[in-house]
Amino acid sequence: MSQFLQVLLSGLATGSIYALVAIGFTLVWQAAQTVNFAQGEFVMVPAFFVLVGMHVLGFPLALAVGFALLASIVVLGFVFKKLIVEPILPSGGISLIIATMALGILLRESVKEFYGAEAQPFPPLFPTDPIHVFGAVVSMQDLLNLVISLGVVILLTLFLNRTRTGRSMQAAAQNPAVAEILGVDVKRMIMYAFLINAALAALASFLITPVYLAKFSNGETLGLVAFIAAIVGGFNQIRGALVGGLLIGVLDNFVATYITAEYRAALPLILLIVIILLRPQGIMGTSEGRAV
Amino acid sequence: MRSLLRPFLIALLLLAAIVAPIGQGNYITYVLTSWLIFSIASMGLNLTLGYAGQISLAQASFMAIGAYTTALLTLAGWHWMAALVPALLLCFVIGLVLGYPALRVKGHFLAFVTLAFNTLVFLVLRNEDWLTGGNYGLVGMPRPDFGFFSTMKQHNFYYFTLAITIVAAAIMWWIVRSPWGRAFKALRENPIRAESLGVDTRRITLLAFAIGSAYGGLAGALVTPLVQFIEPGSFAVAHSFRILLMVVVGGAGFFFGPFLGAGVVILLPEMLRFTEGYYLIIYAALVILMLVFTPKGLIGVWDLLRNRLFGKAQIRADVKQEPTLK
Amino acid sequence: MNRKILLALSTALLMGVSSVQAQDVAKIAMVAELSGAGAPAGTNWRDGIKIAIEEINADGGILGKQVELPEYDTQTDPQVSRAMVQKAIDDGAFAILGTIYSGSTLVNMLVAQQSEIPQFVGSEAPTIVQKGNPFVFRTSSGAQKGVPALVPYFTDTLKAQKVGIAWVNNEFGKGGRDVFAAEMEKIGIEVIADVPSEQGATDYASDVAKLKDSGADAVFVYMNQEEAARFLIEAKKQGLSMPLVGEVTLTEAKVIELAGGAAENAIAHVGVTATATEIPGIAEFNEKFVAQFKRNPTHDAIKGYIGAWATKYVTEKVGEFDGAKFADAMKNLCLPVAEYPRMLLDTCWDETGEMSRPSFMVQVKDGAPVVIGTVPAN
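Residue numbers (UniProt numbering), protein chains in the order written: chain A, 1 to 292; chain B, 1 to 326; chain C, 1 to 378.
It is worth saying that the hints were derived from the structure and are not from the lab.
One or more hints might be untrue.
[As the list claims (entries may be wrong)] Computed footprint of chain C on chain B; a stretch qualifies when at least three of its residues, placed anywhere within it, have a C-beta under 8 Å from a C-beta of chain C:
(1) 67-78
(2) 198-204
(3) 215-228
(4) 284-296
[Unchecked claim] Restraint ranges, calculated between C-beta atoms of paired labels, are given here:
(5) LEU268(B) to VAL56(A): 30 to 36 Å
(6) MET81(B) to PRO336(C): 52 to 58 Å
(7) SER150(B) to ASP322(C): 26 to 32 Å
(8) GLN130(C) to PHE4(A): 42 to 48 Å
(9) ARG279(A) to LEU268(B): 39 to 45 Å
(10) ALA177(A) to LEU89(B): 48 to 54 Å
(11) LEU83(A) to GLY215(C): 52 to 58 Å
All values derive from a computational prediction rather than experimental measurement.
Yeah, the Cβ is synthetic: ideal placement off N, Cα and C, and Gly gets one too.
The following block holds chain A by itself, in its conformation from the complex (with noise of 0.2 Å):
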């Protein structure tokens, strides 16, 4: 019993982090229509950005995770978007899809040729005592993990449903040529989604590089299952990349400790395969809205 529970809380913290990646990741497929095969490098890049900070300009902790934030959102943000996405997206998917591919692998040589090859320790940004449940650990990490993801969707949903820029991005993405006819800006809108996504995945770097450790390899795995996170939950909402995230996060631990640890990784490809087959929209998603 306290085995089933350990692993289904450990889980359900992994897999708030996956959904945290997947959620930039559907923002940014909505504005765009962009799959960014360098999401899980996205991810990896900025806990370097606040080594840097910390080792190389000498910041504080705080210091160096506002640097990096605003070093994130700046690259990863408003420079992929202009430099990569806008001149590609118009000679269509492939296109954008391999370079984003070649994105990645030029994220994680940089990160290697710069930083070094070796795994690097990260320091916590929340207390990691263990807490006991029934038999279970968990830290307190973990529960911010889950809580922050919450914390994310809920203001994200608010944001798009309930602000005067929000709803203009969802227009934006719905319908870009009668929004653009509205007065929506919807250049600036699609800009906000690449700012956005660039800004939750520090916020994911930032809580699970303690617990991962800052490798320049570490995107590889986890871009991966952020897409079948969002395309499971459903492309087109938020609270579907939430559900996709902390489904696969649950499951997967599920797989390896009572069905076959050789075999885990299989487990999140089958189901991506079965709901693309079966259900294209996501487990949450509606066939024909489209919101943000």
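Assemble the complex: chain A is given as a structure, and chains B and C must be docked to it using the hints.
Relative to the frame of chain A, chains B and C by itself:
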């Protein structure tokens, strides 16, 4: 004039391919051989993607199926030529099955299904070690011996691969010029119109996948005797990306695109090697730059230049000009 | 039409690629995993070799020739590694250092063998020295030698009845796991939990939960460094109470740095280790490495260092650059440290290229690895 020039150029190319390894060390010959092998794999993907418009991120997994089938059979004492037949058939059938999702979903979703398939194949190869040797892979596969012509020597193996490549290219040439080939293009340009003109789009989609996969299997079957060692890691998703990159760099939908693309993708890191640690960084940056400036691939560059230099043929602005076979 | 000219041009370019060779230098080729999953091991291997080559050149080179060290990146891909070894030989290398990942070594050692080029490898998979290849030599004991050295510790010190194995599911981890499981069966200890994890895995919750519930008396941990560190962090979080015993990696400085307090009390059997600083040569190497690369050397760095120096020692023993004679000289060779100080420890090779030398049991105490016992060469 044109009609005379083309066979002349093809003959020249063939001659270049024949003299290329003469006087070269084993390494260059090895690189040339992998170039031919990856050209075959890209040719297959080019049919699926460039002609029929169906994206696939699973080409490396078909190389794996071809490579493992050939390896297991040749280790069991079959001749390579005999082992090739079941290898290609297996790839054709599995490709046919993988084509079914393409009947339902398109674009990014299809990319993900095929990507997932590739990873599943990798997991099976790694975990079922009673059959595939698991993590340790399979080692010591013989190179084909034709009595009068043994391929143990690197140069001989190159010519053997070249012969297979020429046959494969000739078959591909015939396929894309046959009614099937035209149907493939019709499917890419406008599936609905193709359907209404009587093209059986279901059958054509499945065929595009199956034939493309068989070419992947052929490439894999050649990897086995070339490297004489195979392990699951050599057929992971990253390698499917690499083949996709070859098709796009060369120019999807151009017959000679795969040869050019495979050449660039294999040789570029080689030429950048003097930059030591930075070569992959520069390589990735070059790929991005290429996609920004010449999205139709390197063969597209030539079209662009020609249009600039010699003026463009008058075309209707409302009809989209797509790359066609020339 | 003219795209074919382009193609012809690229072919011509290809043919033009040829190497210029200088005659008055000796080339040792460094072929390693400089990018991809093996990059941490490969870059350490490279940097250890770099230090050795600087020392060798300052010392007058090999047989009076200065040594050049061209680098070849395998991208952690066996196919590429084979091509790179081929290239190194075409470029005129007289010896090869690398590779580390056994999957790569198994392929590329065939090429070096065909050309009769001696090759020092960092791989530990048992099969490498079982193929009858006279040109391949280890720089550390293979898993089939290293892992059994651990067994007395399980039987005598821990008095374990039931053990768990946590291993990384690549050729490195599987090799160690298979040897360990066979040893346990031989002496009648039950393997009660067998837990594989993916290379690069980040979530060890279910692995640790399974081990925790298994009732094992001790756990054998066989993973690469980052994976070992993540495993230790999760083990500490869930309060895994049994002793964690590893081979080589578990107590390395890097793992301790990454895992922080979670590495406390972890035990490992290690070959030559940078932590055995009471040995003068190792202390000196350690200092040099830290001064030059601003980080601690790993096990792989020392392996590379030893490989480079062994190349010099043996070549000078032979008296000429001759691969076949080199291979003959390596058979049942011992290089005692009194005579060959840069070998760091007394080192011997048998007729298959397997090596043996004294090794250590190490435990992490107060955040630092401490030698708790010496295992004689076997």
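Here's how the hints hold up against the structure:
Counting residues of the region 67-78 of chain B whose beta carbon lies closer than 8 Å to any beta carbon of chain C gives 0, which falls below the threshold of three, so the coverage claim is violated. For a cut-off of 8 Å, the count of residues in the region 198-204 of chain B with a CB near a CB of chain C stands at 0, and the three-residue condition is violated. For the region 215-228 of chain B, the proposed coverage by chain C is satisfied: 3 residues have a C-beta within less than 8 Å of a C-beta in that chain, meeting the threshold of three. For the region 284-296 of chain B, the assignment as covered by chain C is violated, since 0 residues bring a beta-carbon within under 8 Å of that chain's beta-carbons and 3 are needed.
One distance hint, 30 to 36 Å for the beta-carbon pair LEU268(B) and VAL56(A), holds here, with the actual separation near 32 Å. Between MET81(B) and PRO336(C) the beta carbon distance is about 55 Å. The supplied range of 52 to 58 Å therefore holds. About 29 Å separates the C-beta atoms of SER150(B) and ASP322(C), a value consistent with the hinted range of 26 to 32 Å. Roughly 44 Å separates the CB atoms of GLN130(C) and PHE4(A), a value that falls within the hinted 42 to 48 Å.
Between ARG279(A) and LEU268(B) the C-beta distance comes to about 42 Å, which sits within the given range of 39 to 45 Å. Separated by about 50 Å at the C-beta atoms, ALA177(A) and LEU89(B) satisfy the suggested range of 48 to 54 Å. Distance hint for LEU83(A) and GLY215(C): a CB-CB separation of about 57 Å, consistent with the stated range 52 to 58 Å.
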